[in-house]
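Visitor: Given next are the chains, with one letter for each unit.
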Amino acid sequence: MAVIMAVIYGIVGVMPIFVGDVRFIMHILIMCLIWAVVAACWDLIMGFAGIFSFGQVAFFVMGAYGSAILASRLHITPILAMVLSGGITAAIGVLVGLPCLRLKGAYIALVTFAVHMILEPFLKGDMGRFLGTGGSRGILTIPPIELFEVTFSSAAPVPFFYLTLLLSILCTVIILIVIKSYWGTAFLALKDSEDFAMSLGVSAFKYKLMVFALTSFLTGMIGGFYGHYVGMLSTRMLGIDLFVTLMIMLVIGGIGQYPGAILGAFITVSLNEMLAPLGTYRPLTLGALVVVLVLLLPDGVIGLIRKVSGDEAEGAGVSRY
Amino acid sequence: MLIELIDVFISGLTNGSVYALMAVGLTLVYGVSKAFNFAYGSFFSMGGYLAWLLLVGLGLMGGYVIIFIIAIPVLLAVGYGVERAIVAPLRKRSDWEVKVMMITLGLALLLDNAYQVGFGARMKSLPTMVEGAMIMGDVVLSYQDMVIFVLSIGGIVCFRWILNNTRIGMAVRAVAQNPAGAQIVGIPKDVIFGATFAISTVMVGVGGILLSQKYFVSPTGGWDILVKSWVITAFGGMGSIRGSLYAAFILGMLEAFVGWIFGMTWVLFAMFGVLLIILAVRPQGLLGKWG
Amino acid sequence: MLTVTNLDAYYGQFHVLKNVSIDVREGEVAVMLGPNGHGKSTLLKAICGLAERVAGTIKYEGREITGMPAEKLVNQGVIYIAENRELFPHMTVLENLKLGAYSKNARQHEKRNLEKVFRLFPRLAERRRQLASTMSGGEARMLAIARGLMSNADFLCVDEPSLGLQPNLRIEVFNIIQEVNRQGKTILLVEQNIPQITEMADKLYVLEEGRITFQGDRSEALSNDHLKEIFLGM
Numbered sequence: 001m002a003v004i005m006a007v008i009y010g011i012v013g014v015m016p017i018f019v020g021d022v023r024f025i026m027h028i029l030i031m032c033l034i035w036a037v038v039a040a041c042w043d044l045i046m047g048f049a050g051i052f053s054f055g056q057v058a059f060f061v062m063g064a065y066g067s068a069i070l071a072s073r074l075h076i077t078p079i080l081a082m083v084l085s086g087g088i089t090a091a092i093g094v095l096v097g098l099p100c101l102r103l104k105g106a107y108i109a110l111v112t113f114a115v116h117m118i119l120e121p122f123l124k125g126d127m128g129r130f131l132g133t134g135g136s137r138g139i140l141t142i143p144p145i146e147l148f149e150v151t152f153s154s155a156a157p158v159p160f161f162y163l164t165l166l167l168s169i170l171c172t173v174i175i176l177i178v179i180k181s182y183w184g185t186a187f188l189a190l191k192d193s194e195d196f197a198m199s200l201g202v203s204a205f206k207y208k209l210m211v212f213a214l215t216s217f218l219t220g221m222i223g224g225f226y227g228h229y230v231g232m233l234s235t236r237m238l239g240i241d242l243f244v245t246l247m248i249m250l251v252i253g254g255i256g257q258y259p260g261a262i263l264g265a266f267i268t269v270s271l272n273e274m275l276a277p278l279g280t281y282r283p284l285t286l287g288a289l290v291v292v293l294v295l296l297l298p299d300g301v302i303g304l305i306r307k308v309s310g311d312e313a314e315g316a317g318v319s320r321y
Numbered sequence: 322m323l324i325e326l327i328d329v330f331i332s333g334l335t336n337g338s339v340y341a342l343m344a345v346g347l348t349l350v351y352g353v354s355k356a357f358n359f360a361y362g363s364f365f366s367m368g369g370y371l372a373w374l375l376l377v378g379l380g381l382m383g384g385y386v387i388i389f390i391i392a393i394p395v396l397l398a399v400g401y402g403v404e405r406a407i408v409a410p411l412r413k414r415s416d417w418e419v420k421v422m423m424i425t426l427g428l429a430l431l432l433d434n435a436y437q438v439g440f441g442a443r444m445k446s447l448p449t450m451v452e453g454a455m456i457m458g459d460v461v462l463s464y465q466d467m468v469i470f471v472l473s474i475g476g477i478v479c480f481r482w483i484l485n486n487t488r489i490g491m492a493v494r495a496v497a498q499n500p501a502g503a504q505i506v507g508i509p510k511d512v513i514f515g516a517t518f519a520i521s522t523v524m525v526g527v528g529g530i531l532l533s534q535k536y537f538v539s540p541t542g543g544w545d546i547l548v549k550s551w552v553i554t555a556f557g558g559m560g561s562i563r564g565s566l567y568a569a570f571i572l573g574m575l576e577a578f579v580g581w582i583f584g585m586t587w588v589l590f591a592m593f594g595v596l597l598i599i600l601a602v603r604p605q606g607l608l609g610k611w612g
Numbered sequence: 613m614l615t616v617t618n619l620d621a622y623y624g625q626f627h628v629l630k631n632v633s634i635d636v637r638e639g640e641v642a643v644m645l646g647p648n649g650h651g652k653s654t655l656l657k658a659i660c661g662l663a664e665r666v667a668g669t670i671k672y673e674g675r676e677i678t679g680m681p682a683e684k685l686v687n688q689g690v691i692y693i694a695e696n697r698e699l700f701p702h703m704t705v706l707e708n709l710k711l712g713a714y715s716k717n718a719r720q721h722e723k724r725n726l727e728k729v730f731r732l733f734p735r736l737a738e739r740r741r742q743l744a745s746t747m748s749g750g751e752a753r754m755l756a757i758a759r760g761l762m763s764n765a766d767f768l769c770v771d772e773p774s775l776g777l778q779p780n781l782r783i784e785v786f787n788i789i790q791e792v793n794r795q796g797k798t799i800l801l802v803e804q805n806i807p808q809i810t811e812m813a814d815k816l817y818v819l820e821e822g823r824i825t826f827q828g829d830r831s832e833a834l835s836n837d838h839l840k841e842i843f844l845g846m
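Protein chains in written order, with the working numbering: chain C, 1 to 321; chain Z, 322 to 612; chain S, 613 to 846.
You may find that some hints are simply not true.
[To be verified] DSSO-like mimics (lysine-lysine), calculated; alpha carbons at most 27 Å apart, straight line: (1) Lys413(Z) / Lys630(S); (2) Lys355(Z) / Lys684(S); (3) Lys445(Z) / Lys535(Z); (4) Lys723(S) / Lys710(S); (5) Lys723(S) / Lys510(Z); (6) Lys684(S) / Lys723(S); (7) Lys104(C) / Lys413(Z); (8) Lys716(S) / Lys510(Z); (9) Lys510(Z) / Lys710(S); (10) Lys413(Z) / Lys307(C); (11) Lys797(S) / Lys671(S); (12) Lys797(S) / Lys815(S); (13) Lys684(S) / Lys413(Z); (14) Lys355(Z) / Lys510(Z); (15) Lys510(Z) / Lys684(S); (16) Lys797(S) / Lys728(S); (17) Lys797(S) / Lys723(S); (18) Lys355(Z) / Lys104(C); (19) Lys716(S) / Lys671(S); (20) Lys710(S) / Lys355(Z); (21) Lys510(Z) / Lys104(C); (22) Lys728(S) / Lys710(S); (23) Lys124(C) / Lys445(Z); (24) Lys630(S) / Lys840(S); (25) Lys671(S) / Lys510(Z); (26) Lys684(S) / Lys710(S).
Derived by calculation from the structure, the hints in this document are not laboratory data.
Working from the sequences, and respecting the hints, build out all of it.
Guide: Shown next as structure tokens:
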């Protein structure tokens, strides 16, 4: 796993040497790095912990709005605002997780997706405006990140790229550590048989809640980072097309095939840019893409590579007929 | 004041009846095959657009009777086809549940945007089913509301009768209660899965026709319906028809009164709050199982 | 009537059955003995189209039925009767029995078979309106057998009918199975280690670690010391 990650980040890390002055490509690379974290978090929670959470985009948006509001209203320095906002998102994550983690799969999907669905009216409504979300107009001026008196912004893409790379690696390595640790093993045991794992003293609820907190923290934080990068936010992000785009990352990467999700993010973000000329047909194509990919690429690119190279034992999820 | 209250009550009752029909469809598929259909709301819009296409687009004569005669077989075929084409192939995988959610979410995006490309982003209104109203003093009871109520409740009663009294209905219940046992006695599980999916598509599609002619139809209008049906199903207890019925009327009333007192934007929050409370107190919903 | 040749079966990564061959003739009661977890139930499931992955050939009345899904097999005349897990818990006894006759060629005999079954199990006739989930262990076992008979199948694969029953109920269940056999059904029965079983068996097999380690008729079984000691408790 670590090797694949090193290769992916290594290749991306040297890209600025070749395309450092092409602002458009640098922007895509930065977006790739940001979405890699979101997709990796989703894979941890869904692929490894087996929790059908559909609130990933909602947590991302919460983090983005939170950090933007903290920085612009309370004048907290953006880096600190990001972390604080991650903390707030994690707290909300735990609040959502508490009632629904005792429930079965579909109910968790229901509650988390409902969070996604009510976030838009909330941000647009009176309560949101009171908090400073700017209603349906959104937030238009978000201060850029400042670190040691240096301003990182989209105006200077190369330094910003390396900052993003650092943060992306940091987050995904944390996820890797979790997967490789006792937690990861416990989750695999839980997925095989909840009763069996509980008899070994693995407390399903505690681990699930912790993973919920961790992923919503990382997602919220990277969401904040995203806000400071693009400088403005609106509730358009809560549209189903972004949600589905994130899902495509996971499908291409393979669910539970870490670090496939990171690879999936890179492929999907680039692909999405290439689809831009399609205009109004783009979301339609994305939807069709999901249907086709779920059917044809059941274990993602990583699963396909494993299958081709004959290492079938690790190809998770296939029942044998 | 009292008249307004009665109006709100009637509105809750009418919408509640359609919600009940749609929630029963959702609970049917989940109860029988454990598949969760994210494109459910898009099938709602499909019903609305189908009616619009036939009535306004093609200018078909004969009114809504013809619409139902054409739309029901179309919706049946679409539902069955979707199940066989994209849900059934996933079933043999151990992670099929989440795969089904993903693929139907993709399908929803596909359908919503197909509507947008085909019919435009703006909402479309349909001619009303029946004009006129029954006037009792100050209370006005529109025939439209009455027809909606009768058709929805009639549909549910009909469905329940089939479920309890026919061979195919018994087979559906058998698969829901024990898929392996059903297989042993010779019930073709896959056909039943496809059939239940098709029936649920008809239920939500008809719901789409009924509500669209009262309000309007729009490309993304189905999401609201998906969440509402979902909340009702969870509230009533997944797999319980009677539970869905009660829950639909309770939430239909909640919607009408919250909307009236606080405004429509609060409806979704109220429903979400109720859902969280219900799941915290009674995770299995009001009533369990098939009743 | 039923011939299994060189059958291998897998459960996940486990190779459960290894090169198993058996032969059951019409009108027989064949009994498969063996310790728990050594593949007896898997064999029955493999025959009845309920196993995950099988290799080898299974023939019923000369027709190949290997890997045929369970819902099609009923029409061929083979039915799987599990202890009682495969009943429909929220349905009445009568509904369970009616569903037993769901398959095409059972449907036309439904009435006659229902009468037959009620004669065989008067208790079920009394309780026809009761929900299956509210029945006692013994009654549920009877219902499972009765539902199997409703399928009009000639070949019954019975999975551990005595599991979890008190000794007197066991005898009752065995008597019923013998009666069913007398009425013309061929039976392949799987059991752990029950002393009474030899009385009804025309043929015995022992399955250990996925292989057949003994086969023979009743007298051969009784003269085999290993068998007597381990499985028949004598």
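Visitor: Work down the list of hints and note, for each, if the structure agrees.
Guide: Each hint tested on the structure:
1. Lys413(Z) / Lys630(S): holds, 25 Å
2. Lys355(Z) / Lys684(S): holds, 23 Å
3. Lys445(Z) / Lys535(Z): holds, 11 Å
4. Lys723(S) / Lys710(S): OK: Lys723(S) and Lys710(S) at ~9 Å, within 27 Å.
5. Lys723(S) / Lys510(Z): Within the cut-off at roughly 25 Å; holds.
6. Lys684(S) / Lys723(S): holds, 22 Å
7. Lys104(C) / Lys413(Z): holds, 20 Å
8. Lys716(S) / Lys510(Z): Measuring from Cα to Cα gives roughly 15 Å; hence the hint holds.
9. Lys510(Z) / Lys710(S): With Cα atoms ~17 Å apart, Lys510(Z) and Lys710(S) stay inside 27 Å; holds.
10. Lys413(Z) / Lys307(C): holds, 18 Å
11. Lys797(S) / Lys671(S): Between Lys797(S) and Lys671(S) the Cα gap is close to 17 Å, so the pair holds against 27 Å.
12. Lys797(S) / Lys815(S): Since the Cα atoms of Lys797(S) and Lys815(S) sit roughly 15 Å apart, the hinted pair holds (cutoff 27 Å).
13. Lys684(S) / Lys413(Z): Given pair Lys684(S), Lys413(Z) holds - Cα atoms ~19 Å apart, limit 27 Å.
14. Lys355(Z) / Lys510(Z): With Cα atoms ~13 Å apart, Lys355(Z) and Lys510(Z) stay inside 27 Å; holds.
15. Lys510(Z) / Lys684(S): Given that 27 Å is the threshold and the Cα spacing comes to 11 Å, the pair holds.
16. Lys797(S) / Lys728(S): Roughly 13 Å separates the two Cα atoms, so the pair holds.
17. Lys797(S) / Lys723(S): holds, 19 Å
18. Lys355(Z) / Lys104(C): Roughly 11 Å between the alpha carbons, so the hint for Lys355(Z) and Lys104(C) holds.
19. Lys716(S) / Lys671(S): OK: Lys716(S) and Lys671(S) at ~21 Å, within 27 Å.
20. Lys710(S) / Lys355(Z): holds, 25 Å
21. Lys510(Z) / Lys104(C): holds, 23 Å
22. Lys728(S) / Lys710(S): Holds, at about 13 Å.
23. Lys124(C) / Lys445(Z): holds, 24 Å
24. Lys630(S) / Lys840(S): Satisfied, since the Cα-Cα distance of roughly 24 Å is no more than 27 Å.
25. Lys671(S) / Lys510(Z): holds, 24 Å
26. Lys684(S) / Lys710(S): Holds, at about 18 Å.
In summary, the structure agrees with every hint in the numbered list given earlier.
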